[in-house]
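There are 2 protein chains.
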Amino acid sequence: MRTQQEHALVADALASEGEVGVVTPQHLCFPEGIELVCGQRLAPLEAVYETYGTLAPDKSNVILLCHALSGGAHAAGKHHPNDRKPGWWDLYIGPNKALDTNRFFVICINALASPYGTTSPLSIDPRTGKPYHLNYPPVCVTDWVELERMVLEHLGIQQVYAVVGGSTGGMRAFEWAMRYPERVRKALVIAAPARSNPMVIALNHIQRQTILMGLKHGGIEGANRGLMLARMLGHISYLSEYALWSKFGRDTVPETDFWSVTYQVESYLEYKATTFLQRFDPFCYLYITRAMDNFDLGATYGEGDLRRALARVQAEMLFVSFTSDWLFPPAGQQEAVEILQSLGKRAEHVIIDSPWGHDSFLVERVKPQLKPVIQRFLES
Amino acid sequence: MRTQQEHALVADALASEGEVGVVTPQHLCFPEGIELVCGQRLAPLEAVYETYGTLAPDKSNVILLCHALSGGAHAAGKHHPNDRKPGWWDLYIGPNKALDTNRFFVICINALASPYGTTSPLSIDPRTGKPYHLNYPPVCVTDWVELERMVLEHLGIQQVYAVVGGSTGGMRAFEWAMRYPERVRKALVIAAPARSNPMVIALNHIQRQTILMGLKHGGIEGANRGLMLARMLGHISYLSEYALWSKFGRDTVPETDFWSVTYQVESYLEYKATTFLQRFDPFCYLYITRAMDNFDLGATYGEGDLRRALARVQAEMLFVSFTSDWLFPPAGQQEAVEILQSLGKRAEHVIIDSPWGHDSFLVERVKPQLKPVIQRFLES
Chain A
1 MRTQQEHALV ADALASEGEV GVVTPQHLCF PEGIELVCGQ RLAPLEAVYE TYGTLAPDKS
61 NVILLCHALS GGAHAAGKHH PNDRKPGWWD LYIGPNKALD TNRFFVICIN ALASPYGTTS
121 PLSIDPRTGK PYHLNYPPVC VTDWVELERM VLEHLGIQQV YAVVGGSTGG MRAFEWAMRY
181 PERVRKALVI AAPARSNPMV IALNHIQRQT ILMGLKHGGI EGANRGLMLA RMLGHISYLS
241 EYALWSKFGR DTVPETDFWS VTYQVESYLE YKATTFLQRF DPFCYLYITR AMDNFDLGAT
301 YGEGDLRRAL ARVQAEMLFV SFTSDWLFPP AGQQEAVEIL QSLGKRAEHV IIDSPWGHDS
361 FLVERVKPQL KPVIQRFLES
Chain B
1 MRTQQEHALV ADALASEGEV GVVTPQHLCF PEGIELVCGQ RLAPLEAVYE TYGTLAPDKS
61 NVILLCHALS GGAHAAGKHH PNDRKPGWWD LYIGPNKALD TNRFFVICIN ALASPYGTTS
121 PLSIDPRTGK PYHLNYPPVC VTDWVELERM VLEHLGIQQV YAVVGGSTGG MRAFEWAMRY
181 PERVRKALVI AAPARSNPMV IALNHIQRQT ILMGLKHGGI EGANRGLMLA RMLGHISYLS
241 EYALWSKFGR DTVPETDFWS VTYQVESYLE YKATTFLQRF DPFCYLYITR AMDNFDLGAT
301 YGEGDLRRAL ARVQAEMLFV SFTSDWLFPP AGQQEAVEIL QSLGKRAEHV IIDSPWGHDS
361 FLVERVKPQL KPVIQRFLES
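Residue numbers (our numbering), protein chains in the order written: chain A, 1 to 380; chain B, 1 to 380.
Hints listed in this document are in silico derivations from the structure and should not be mistaken for laboratory results. Wrong hints could be hidden among the right ones.
Each pair may be met inside one copy or between any two copies, as identical chains are not told apart.
Claimed, not checked - Derived SDA-like pairs (lysine to any residue); straight-line CA-CA distance at most 25 Å:
| # | residue 1 | residue 2 |
| --- | --- | --- |
| 1 | K247 | Q334 |
| 2 | K371 | T54 |
| 3 | K367 | N135 |
| 4 | K272 | I124 |
| 5 | K130 | V373 |
| 6 | K130 | R307 |
| 7 | K85 | T300 |
| 8 | K216 | F276 |
| 9 | K247 | M150 |
| 10 | K216 | T142 |
| 11 | K345 | W326 |
| 12 | K59 | G21 |
| 13 | K247 | P115 |
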C-alpha cells in the first residue's frame, strides 16, 4: 500500500505531464530496398516514422521505440488537433512522461508488413502493378530491426541511448541488444520473451487459418471477417479473465440474438473487431503473426543455445512482465534474465502485479506502477 | 512428496484395476418428446445411454456420470474388442477403479444436441424429413438434466447415490444438486463453476462465429473447416502453456509450409481437428457451446443471487479444480464452495496441483492424484 505522501507524489508527477501536440509522420524511400533474411529483396522500400522531442547535437539522447503487432509509427500526439485519439503510447511519451521528451528524442518506425505506411502486403508490387498481398515476402523480427537500423543510419544515428518496446515491440528491443550490442546502451523489454512459446504459435495458427479459410471461401469479404475473428482471439489473449469479469461479467445486450450476440462481451468483441477491420488488413496480419512465431533469439544468435546467444549482450537490460499475462507469462522473461545475470550482464526483471493481462502496458490504470519503473531505468 | 510406501500403495491400487470389457449402448425412445426450457417441444426424442456394473436390487448404488462437450454416453469399455480406444473415462470406471463397478452401477446418458445418438441437430426433423441443423431448438444445461431424469425414471431410478461430471458434465452434476436436491446424495463437480465466466463466453463466441462464417461462405465444407478451427481453439483452452512446451516446444515439422504448418504444435492441432471432424458435427458444436455460455445457477435458481440458489442443495458436494485450468480457474469453484460452507452445507474443494490444464481429469498421469480424491468422496 502507498502512503498518502507517496500518492501525492505520484499525483504531482502525473499532473506535471505535458503533451507532444500535433505531429507529422515522416517518409523515407530506399530505392535499392532491403535484403531480407529469407533471401528476397524488397524494393523499392518506403518507411514511415515519427519523432518526439529534440535530437541532441551529439545524438546521445535517442530512444528507439518499437511498436507491437497492431501498432504503427504513430506512438504519441495527434496528426490533427481534432483527432479523437492520440498515438498508441501517448500515456508514456511527452514532457515529464516516462519517455520524457524534454530530455529524449523518441523515434518510432513502422515495421515491415504493418499497414501503416512502410512497404507492406498492401503496397504495389512493381512486378505486377497490383498490391503484393500473398506475394509479399516472408519477414521476420530481424528484418524489422534491419529496417530500423537503416532509418536510424539515414538520420545519422549510429547508437541509441535506449531501445524500448512491448510485446512484438519488446521482441524487437530484445533483438536489437543481441544484433547490435555496441549500438544499444539500454534495452527495455516489456512483456516479451527470448522466443515465442508454443501457446502463442497455436493461437496465431488458428488466427491465420481463420483468415485463410475466409479468403478461400469468401474472397476479400471472407478474409475480412476472418481478420475480425482473428482479432477477437488476439484481443482476448491480451486480456485476462479478471478484466472480462470486471468489464462485462455475464451482462447481456438488450436485443439478444442466439447465434450472434447475446452477451455484452460478445458485443464488445464484435465492436472492437469492426473498428480493427477499419484500420488493419488481413494480409498484413498473416505476415506479422508468422514473424512473431518465428522469433527465437537462441536459434538466431546461438545455434539453438540461448545462453550462447545472450553472451552477446552489452546493454543494460530491464525486463518488465505482468502477473496476469498468459500470452507471454513472466516465467518466459525470467528465464532470459537468469541467464543474463549468470553471465554477469546487467539485467533486471520487474514483475508488475496487474490483473489486466498482456496489454497492461497500454492500460492507463497500470501507469502509476509502470511509469516509475521506466523512469528509474532510463534515468539511472 | 510421497514416501516409498505410499508409492507402493498407489501402484498396488492401480495394478488391481480391471476393465469393464465390451459394452453395448442402450437406446430409448420417448414418442411424446421433451418440453424444453425455451418453450419448444422436441419430439420424438431418442436417447442413448450406457451402463457399467450391476444395479443393486434396492437401486441404491447408482452413479450418474455426466459427459463433457465432446463426449457421449460411451464412457468406458469398448463397443468391439478391436476398438482402438475405450470410452472417454475408462481410466476411472471399472472394477477397483475410482467409479468401482464391483460396487456401483454407473450410467452415462448422451446429452441433447450431442451427435452420439440422442436426438440432435443431425436427427431428422419430422416436420421436414431433413436433418434439423439450425432448426433444432436451443437447449440448455437444465434440458440436459431433464433428459437424464427421464431416462433414470424410465429405469425406475428415483434417486442417485452420486452424480459425477467434469467440465460441462460438471455443470450438469452441479445443476442436479440444485434442481433435484432430494434425489442426489453426493455430487462431484470437476473443473466446473456455478456459472460460465466471460472468458468462456468469448472463446465460445469466436468458435461459433468461425463455424458460421465457414457455413456462410463455404457451405458444409466451410462449416467443417470452421469446426476444425473451433476445435483447435477449444483444445488449447483445455491445455496449458506448460503442456504445449512439454509436448512440442518450438519443434518444427520436416516439410514446413509457411502458411499452413511449420511447427509441430500446428501439425498436432490440425491432426486432432481432423480426427475431431470425423466424430463430431458443426451444428451440434454450435448448440452445445451456447448451452455452456448460458449456464448460470444463480440466475436459474436464485433470481440472480447465487447464495439464494445454493440454499437448495442437500447433497454432500465435492468440487475438484486444477491449478493450471485457465478455462474454469479454481477461483470460480472456490466462490461456490465458500457460499455453500457459509450456508452450513457439506461442501469441500480439492485443488489438484496439475500443470495439464482444464483437461487434467482426462490425463492419465493425473490419475494417481485424482483417483484417491474421488474414492474417498464416494466411499465415505
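For each hint, the structure was consulted:
1. For a Cα distance limit of 25 Å, the shortest separation of K247 from Q334 across copies, 21 Å, qualifies, whereas the shortest one inside one copy, 30 Å, does not.
2. For a Cα distance limit of 25 Å, the shortest separation of K371 from T54 inside one copy, 21 Å, qualifies, whereas the shortest one across copies, 67 Å, does not.
3. In this assembly of identical chains, K367 and N135 lie within 25 Å of each other by CA distance neither inside one copy nor across copies; the values are 41 Å within and 50 Å between.
4. In this assembly of identical chains, the alpha carbons of K272 and I124 never lie at most 25 Å apart, being 28 Å within a copy and 39 Å across copies at closest.
5. In this assembly of identical chains, the alpha carbons of K130 and V373 never lie at most 25 Å apart, being 47 Å within a copy and 64 Å across copies at closest.
6. For a Cα distance limit of 25 Å, the shortest separation of K130 from R307 qualifies neither inside one copy, at 45 Å, nor across copies, at 63 Å.
7. Proximity of K85 and T300 under a CA criterion of 25 Å is satisfied in neither setting, with 38 Å inside one chain copy and 42 Å between copies.
8. In this assembly of identical chains, the alpha carbons of K216 and F276 lie at most 25 Å apart whether taken from the same copy (21 Å) or from different copies (22 Å).
9. With identical chains, the CA atoms of K247 and M150 are never at most 25 Å apart, being 43 Å at best within one copy and 40 Å at best between copies.
10. For a Cα distance limit of 25 Å, the shortest separation of K216 from T142 qualifies neither inside one copy, at 30 Å, nor across copies, at 39 Å.
11. For the homomeric pair K345 and W326, neither the shortest alpha-carbon distance inside one copy (27 Å) nor that between copies (35 Å) is at most 25 Å.
12. In this homomeric assembly, K59 and G21 come within 25 Å of each other (Cα to Cα) only inside a single copy, at 23 Å, whereas the closest approach across copies is 78 Å.
13. For a Cα distance limit of 25 Å, the shortest separation of K247 from P115 qualifies neither inside one copy, at 30 Å, nor across copies, at 35 Å.
The structure fails to meet hints 3, 4, 5, 6, 7, 9, 10, 11, 13 from the earlier list, while all remaining hints are met.
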